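Peer 1: Sequence:
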Amino acid sequence: MKTDIEIAQEANMLPIKEVAAKLGIKEDDLELYGKYKAKLSDELLEESAKNPDGKLVLVTAINPTPAGEGKTTTSVGLGQAFGLLNKKAVLALREPSLGPCFGIKGGAAGGGYAQVVPMEDLNLHFTGDFHAITSANNLLAALLDNHIQQGNALNIDPRQIVWKRCLDMNDRVLRNIVVGLGSKMDGMVREDHFVITVASEIMAILCLADDVADLKKRLAKIIVAYTFDGKPVTADDLQATGAMAALLKDAMKPNLIQTLEHTPAIVHGGPFANIAHGCNSVRATKAGLKLADIVVTEAGFGADLGAEKFFDIKCRKAGLKPDCVVLVATIRALKYNGGVPKTELSAENLDALKKGIVNLEKHIGNLQKYQVPIVVTLNSFVTDTKAETDYVENFCKERGCEFALSKVWEKGGEGGIALAEKVLETLENKESNFKVLYPDDISLEEKIETIAKEIYGADGVTYSAAAKKELQRITALGMGDFPVCIAKTQYSLSDDQTKLGRPSDFTVNVREVYASAGAGFVVAVLGSIMTMPGLPKVPAANNIDVDDNGTITGLF
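In the UniProt record's numbering, the protein residues as written are 1 to 556.
In case anyone wonders, no lab produced these hints; they're calculated from the structure.
Please read all numbers here as calculations on a predicted model, not as lab measurements.
No incorrect hints appear here.
In silico SDA-like links for lysine to any residue, alpha-carbon gap of 25 Å or less:
1. Lys231 to Lys468
2. Lys430 to Ala418
3. Lys50 to Asp293
Build out the structure end to end from the sequences listed, making use of the hints.
Peer 2: Here it is as structure tokens:
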């Protein structure tokens with residue numbers, strides 16, 4: 001089998017204006033970035049807003065393992081399958097970050113014969129959205145430090161600066177740094193920090209804003225620091241709102257590309273689900289709903305992170321109502337959860353499958369709390385046996401879920417026909433009675449504990465002294481009605497990545513809390529999760545190259 005990048009580079013792409021035409025988009029409504037990429041104009045979004053909504057299908061997964069789950073691959077293949085069934089469908093996906101691309105995870109364009117293209121462009125600089133977000137974030141940081149240097153008229157306490165710089169790269173040495181070293185003219189010496197761009201509040205704001213006016217309102221509310229007497233200082237106090245919005249003007253427009261089979265794909269925004277809210281932009285999703293009959297979107301990592309935040313943050317804030325959820329698993333990942341080493345996953349092992357399937361069971365139970373119809377799909381591997389597949393199918397049906405095999409990695413859209421037909425059947429015959437997990441008017445602590453107990457299966461929550469104090473301050477500032485975005489490991493339902501399967505008899509620890517006032521949620525950081533990841537011992541970057549003809553190799 002060819003590598004993902006070889007398949008992508010051999011693709012026969014259509015000019016993006018022809019792909020757009022499938023959605024009824026005229027060339028004048030596109031802002032072209034070469035032949036195969038474009039942004040959707042504000043005029044198109046305004047004009048299409050009067051159209052009726054299509055159906056919204058969320059693709060999520062069990063907890064990720066080294067064995068792989070293939071959530072994006074399944075999303076892309078499902079979109080392609082809808083095309084083969086003559087359905088007007090569009091994908092709404094996130095943009096990849098350079099951090100995992102050069103780190104351990106690789107790109108995020110799908111895989112095999114279920115990819116979005118141009119794959120190299122998407123995984124690298126794309127249309128510059130992440131650059132704009134990084135620049136806006138760091139402009140605010142520069143204006144903050146400059147204000148202090150120029151006399152500090154706002155009475156900012158340098159020990160209570162909460163705004164962090166960002167970079168779209170895994171770089172652990174930037175987590176905790178000292179700035180301002182040198183002479184008096186080089187600024188005040190203080191401790192500073194970096195987060196990865198996908199964890200920046202500006203990324204979250206861009207992904208939740210309805211339009212430029214809403215963007216500016218949200219940017220203005222960003223809390224950057226506190227004064228010596230404890231009052232919050234905002235981006236608007238620093239007169240930074242207009243300049244940041246100017247940097248983000250074009251980044252606010254969703255991007256349009258295509259799959260290997262020419263299904264339209266709106267790709268926009270990219271917050272991680274383990275340290276941010278894990279969903280593509282509201283603008284992209286709403287545009288898709290107005291332009292197509294079916295929108296296939298996804299949320300990052302497992303359903304305990306991405307799906308929970310999709311429902312409790314994105315849908316709550318944007319008024320979205322999902323019609324169906326596709327839950328992706330693999331036999332290999334379930335056996336890994338059952339204790340089988342990665343090197344032995346190819347051998348049939350029903351005992352390990354029965355032990356590990358409790359992870360899938362918990363995710364099914366969690367999703368059922370939101371009262372949205374569920375289709376479980378197994379992303380098929382050639383090493384899967386009929387006995388293993390039959391066991392999972394019966395397990396799902398006993399729990400009231402539809403089931404379908406997916407072979408999209410190997411066969412593209414054709415391999416997703418069974419899944420697409422099952423989703424269509426579900427959309428036609430089962431009604432979604434979507435509801436969020438918790439109300440707005442309970443306390444932040446109650447929201448954190450509801451997620452911990454209901455979604456993770458924890459017995460309770462412990463808090464650091466600093467987290468407790470910050471929760472009190474955030475509530476006093478009037479943000480107690482915000483939803484909660486929990487940052488934790490993606491590898492376990494708990495906050496300990498070594499606890500596989502369905503952990504029990506555990507508590508989770510909230511070590512840090514901060515308000516994303518512009519995004520409209522409160523972040524609670526659990527366990528040892530870092531908002532600036534590090535590179536592994538052997539980074540994926542070591543194998544990426546470009547030849548004399550400009551052809552990139554090593555991306556996956």
